[in-house]
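Make the full structure from the sequences, and use the hints.
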Amino acid sequence: MHKGSEKDYILIYDFEGSDLMKRVALYFKRKKGWKIYSINDALSRLYADKNFTKVGPQDFLSLIYNCSMFLSNSFHGTAFAVYFNKPFYVFGLKGISLNSRMESLLRSVDLKDRFITENIDIEKLHLNYDFNKVNLLIEEEKNYSKQFLDSVLKTN
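Residues 0 to 155 in numbering that gives the first Met the number 0 are what the sequence shown spells out, letter by letter.
Hints listed in this document are in silico derivations from the structure and should not be mistaken for laboratory results. Honestly, I wouldn't trust all of these hints.
[Said to hold, decoys possible] Straight line, CA to CA, 25 Å or less: simulated SDA-like cross-link-like pairs of lysine to any residue:
no., residue 1, residue 2
1, Lys34, Pro56
2, Lys21, Ser73
3, Lys28, Pro86
4, Lys123, Thr52
5, Lys21, Thr116
6, Lys49, Leu60
7, Lys6, Tyr26
[To be verified] Quick list of the computed label-pair ranges, beta carbon to beta carbon:
no., residue 1, residue 2, range
8, Leu148, Lys93, 33 to 39 Å
9, Arg29, Asp58, 25 to 31 Å
10, Lys30, Lys153, 49 to 55 Å
11, Leu42, Leu135, 25 to 31 Å
12, Gln57, Arg29, 28 to 34 Å
13, Thr116, Ser144, 36 to 42 Å
14, Gln57, Ser103, 25 to 31 Å
15, Leu152, Ser103, 22 to 28 Å
16, Tyr82, Glu117, 35 to 41 Å
17, Thr52, Lys145, 21 to 27 Å
18, Glu140, Arg29, 25 to 31 Å
All C-beta atoms, glycine included, are put in the ideal place defined by N, C-alpha and C.
What follows is the structure in structure tokens.
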């Protein structure tokens, strides 16, 4: 299990072998001196310093929780990066309509600029985040959801 003993790493969770994600990871590795770790189901990322395969839920969450930066095209990974207040960027999946879930999540917490596409200028990417605003928006969404569930349960 990964216990976060090694600090300062970029975590990659990439379903497609995205060239753009690789370029962004290598850019931040050069800029910050961080290692690159990758969670893989099948193919290792040759540019990563460490590849993790067959990662269970506890290790998956630990790797995200302890990373310095998260890069992914995974909805669930993105949701946990937001929840753990981790600097991150999201990459769209090619030809799949699953991007709408990620875009909707990012829109709801006012982090639309974290969804990047091929025409991005990598030099302009940054790690500055105001997670206070994000956390406030998440709390508002939780309260709204609780009120909705209470109203539905009371009427049935």
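Q) Does the Cβ-Cβ separation between Gln57 and Arg29 fall within 28 to 34 Å? A) Between Gln57 and Arg29, where Cβ atoms are some 31 Å apart, the hint holds.
Q. Under the criterion that the straight-line Cα-Cα distance not exceed 25 Å, is the pair Lys21, Ser73 satisfied?
A. holds, 15 Å
Q: Verify the proposed pairing of Lys6 with Tyr26, using a straight-line Cα cut of 25 Å.
A: holds, 18 Å
Q: May I ask you to test the hint 22 to 28 Å on the CB atoms belonging to Leu152 and Ser103?
A: At 25 Å between Cβs, range holds.
Q | C-beta pair Thr52, Lys145: status relative to the range 21 to 27 Å that was hinted | A | At 38 Å between Cβs, range violated.
Q) Does the Cβ pair Glu140, Arg29 satisfy 25 to 31 Å? A) violated, 37 Å
Q. Regarding the pair Lys28 and Pro86, is the alpha-carbon distance no greater than 25 Å?
A. It holds: about 14 Å lies between the C-alpha atoms, which stays within 25 Å.
Q) Regarding Gln57 and Ser103, is the given constraint of 25 to 31 Å on their beta-carbon distance met? A) holds, 27 Å
Q. Are the Cα atoms of Lys49 and Leu60 separated by 25 Å or less?
A. Roughly 17 Å between the alpha carbons, so the hint for Lys49 and Leu60 holds.
Q.
Does Thr116 sit within 25 Å of Lys21, going by the straight-line distance between their CA atoms?
A. Cα-Cα ~13 Å, so holds.
Q) When you take the CB atoms of Thr116 and Ser144, is the distance between them in 36 to 42 Å? A) Violated, since Thr116 and Ser144 (Cβ atoms, about 30 Å apart) do not stay within the stated range.
Q. Given the hinted pair Lys34 and Pro56, is their alpha-carbon gap at most 25 Å?
A. Holds, at about 22 Å.
Violated hints, listed in ascending order, are 4, 11, 13, 16, 17 and 18; each of the other numbered hints is respected by the structure.
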